[in-house]
Amino acid sequence: MYRKFLKPILYVVILTILQFTFVPLISVDGIIPNLPLITIIYYTLVYGQLFGTFFGFTAGLIFDLASGGLLGASMFTFTISAFLCGYFSNENKIEQNTSTFIFAGIVFIGAVINCFIYSAVSTRIQELGFFFLFLNTGLLPAVYTVIFCVPVLILKPGSNL
Amino acid sequence: MRNFVSKFFYDFKEYIALIVLSIFSLYLLTGNEKPQIKKIKTFALGNFAFLNSAVSSLKDFFIDDSEIERLKKENARLILEVNLLRKYGLENEELRNMLSFRDTSSFKLLPASVISKMVSKVQGIYILNKGYSDGVRFGMPAITDKGLVGIVSDVSENFCSIRTIENSNLSIAVTIQKNNVEGIMSWDGRQLVIKDIPTTYDVEEGDRIETSDFSTLFPPAIPVGIIGKKQSNVLGLLHNLTVKPFVDIKSIKNLFIVKIQPSKQIIELQEKFHKRK
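Those sequence lines, one after another, are chains U and F. To convert a position in the first sequence, counted from 1, into this note's numbering, add 1301. To convert a position in the second sequence, counted from 1, into this note's numbering, add 128.
Chain F extracted, bound-state conformation (with noise of 0.2 Å):
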């Protein structure tokens, strides 16, 4: 018996080493929400995340671009209280008479560089230069001077991942600027779409989209893009709208974290709703 089972081993020891090392990824994939698993993966981003800038430094080494950095932060600021601006503008018509001083939370940036990126057609995670220790935590918004890039995924003492609108595994909750028509964003490898919006809604290429007010991952009114096309299903009552996003997701290099976290009464609100269903 014994004999048989070292020849069983023996004879079979890639098939045995592939299924045991395979089912020990599966289980290491499906746990990745888990505390444990989440300390050891910030604990190697925090790692990894500094060979990374060490090398990434390298690329800048001659390149002094603080001013532009300023510049830009200074644009990204305008850029948001611009369109705040807007939405306020279309939104005073209808509320002229009902109007009261609203309290304009003015957004605090935090200017961050990529330092690696895992670029994917289907994933896209990059990690930033700013961590735990300069006020990032998880949830907070990635943004550029032209639009929203993403969201803070995990956070380390010095270092942070970004998951951005190109990944397939976020959706965001968006608004068309023009009528407050709501729908959800996703990446579906190739283009961001907004997905079964009815056709009677008074929607055109060329409209704004921002995140919704509605949205639990990012504040109301940060601008996201323009709608790039339209498509009917096949009975045609509903429509799939193609997003061209202001920012060139590929491209970045330096962007600014938004330090604002999500309301936490409103996500437990929210889980409270869920479990009585």
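One chain only, chain U, in its complex shape (with noise of 0.2 Å):
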């Protein structure tokens, strides 16, 4: 169990410093994509939703520590992403969800709830407005999260693509 923790958690620890530091040069009207969301729902599917659970509370942990923003905020939503997109996980399905099409469904799923609820959780909803959040910063950044899960699926041995 251990070690199985170490090497996602060096992986989220590396996403999460080039998301503060090379992510925010593609950045598109302030919308960018969220790295280490998509190692979290890659782990989510691999070891199982309880492991995922767990893994999206310390990767939250660490990218809220790296962030220097709310304390708590990605914990929440990381493991709330993560425990969701857990039920898409299967042991006999691994393969088919982590290399083909379906994975990238699945990580557009998670990013999603995972920026939607963010933004819930750390801004003023009802001076916003739902529709803007949902749109803004659920919607939108989880399609350009998606757009950076495809290089995971082409890369990934044994790919299907």
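These are calculated hints, taken from the structure and not from any lab test. Computed from a predicted model, the values in this text were never measured in an experiment. Ideal Cβ positions, reconstructed from N, Cα and C, are used throughout, including at glycine. A hint or two may mislead.
[Said to hold, decoys possible] Reference listing, derived: stretches of chain U covered by chain F, where coverage requires no fewer than 3 residues with Cβ under 8 Å from a Cβ of chain F:
no., region
1, 1325-1339
2, 1358-1368
3, 1376-1385
4, 1434-1441
Could you fit the two chains together into a complex? Lean on the hints.
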């Protein structure tokens, strides 16, 4: 369990640093992909819902501490996203779920949930409006995140693409 | 009974984990201002910012921008002076008869670089490469040669984080320079807005906005932007003013921290006032 946890955490630390240094360079009108989330969803699909929930929580802690933002916001949203994406986890379909465009679909769902809840808990939703938050902080970053999971699908050994 | 409890935990372990972890996260989320959590955040900020700055410096490896930085610093200092002079010019006519020399405190500027950005539509937080050891303190304003960028929200030994004006959790007391109309400016996720300005005030598109004398967060007369659009509300009694900031927040790389802190005496007086209320 310990070793199983270590490698994904290392990936999350690296991706979190990239998230705050290089990813802002490719932001489109303030919309950026969420790289650590791709890792969280990938390992949730591989190791299951319970693992994903704990992993999401730990990754959220790292993300919050690195961002200098609200401590607890990403912990909460990554935990929820990983838990919900965990419903797609199936021991018999790991390859299918992580090597085909099903993975992109699951990442999309996870990213919408993550980005939207994050904005809802960290800002004043009543002032910004539900539709605005859903579109600008949920849907569009999710689409951008999905684009970044395509290289994962292509480069992954045994990919069906 | 024991079997039942262990079976319950086994069957619902995912849900139990979710509930426990979510409650813990929300507990932390609500306690962000607690000193213990602030300590943890400051410690982590220092360590992660160090890693971020190492990665970030790779980008600047081949660029020697010390001269540009010096000129930008000079430019920022001058723009603050010009803005103050413009303000004094407008006040001059009205105060001509009672003019007395005022202390024109010159701002001390500390150049800093952005080493990481948390870019989001609603939460603008940047981490800078200057911290407590450089004299940075909580609440100091961050500016560029064009105008206001944000405010220092956390400080570690060598790094600090700033909340930019494009952060929906930051509201700033501003004034329209031409006629001293006061208002509160905030980021609504799309643009900077000053809400509920009476339509009877003479406000026009293109009027300059600066920080207010009444601001407890910022020193007065820091340029912020110009009025972009006026929108009346349903009854037509109040305006919502859209502000075009002078600074392109998203593209900032180098900026300055103004080494000035809000007056403790003013804060104490305000606290006393609120307690009496």
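Original post:
Does the region 1358-1368 of chain U contain three or more residues whose Cβ lies closer than 8 Å to a Cβ of chain F?
Top reply: holds (count 5)
Subject >> Within 8 Å of chain F's CB atoms, at least three CB atoms from the region 1434-1441 of chain U: coverage verdict >> reply: holds (count 3)
**OP:** Would you check chain F against the region 1376-1385 of chain U, counting CB to CB pairs closer than 8 Å, and say if three or more residues qualify?
**Re:** holds (count 5)
Subject >> Annotated coverage of the region 1325-1339 of chain U by chain F, confirmed only when three residues or more have a Cβ within 8 Å >> reply: holds (count 5)
In summary, the structure agrees with every hint in the numbered list given earlier.
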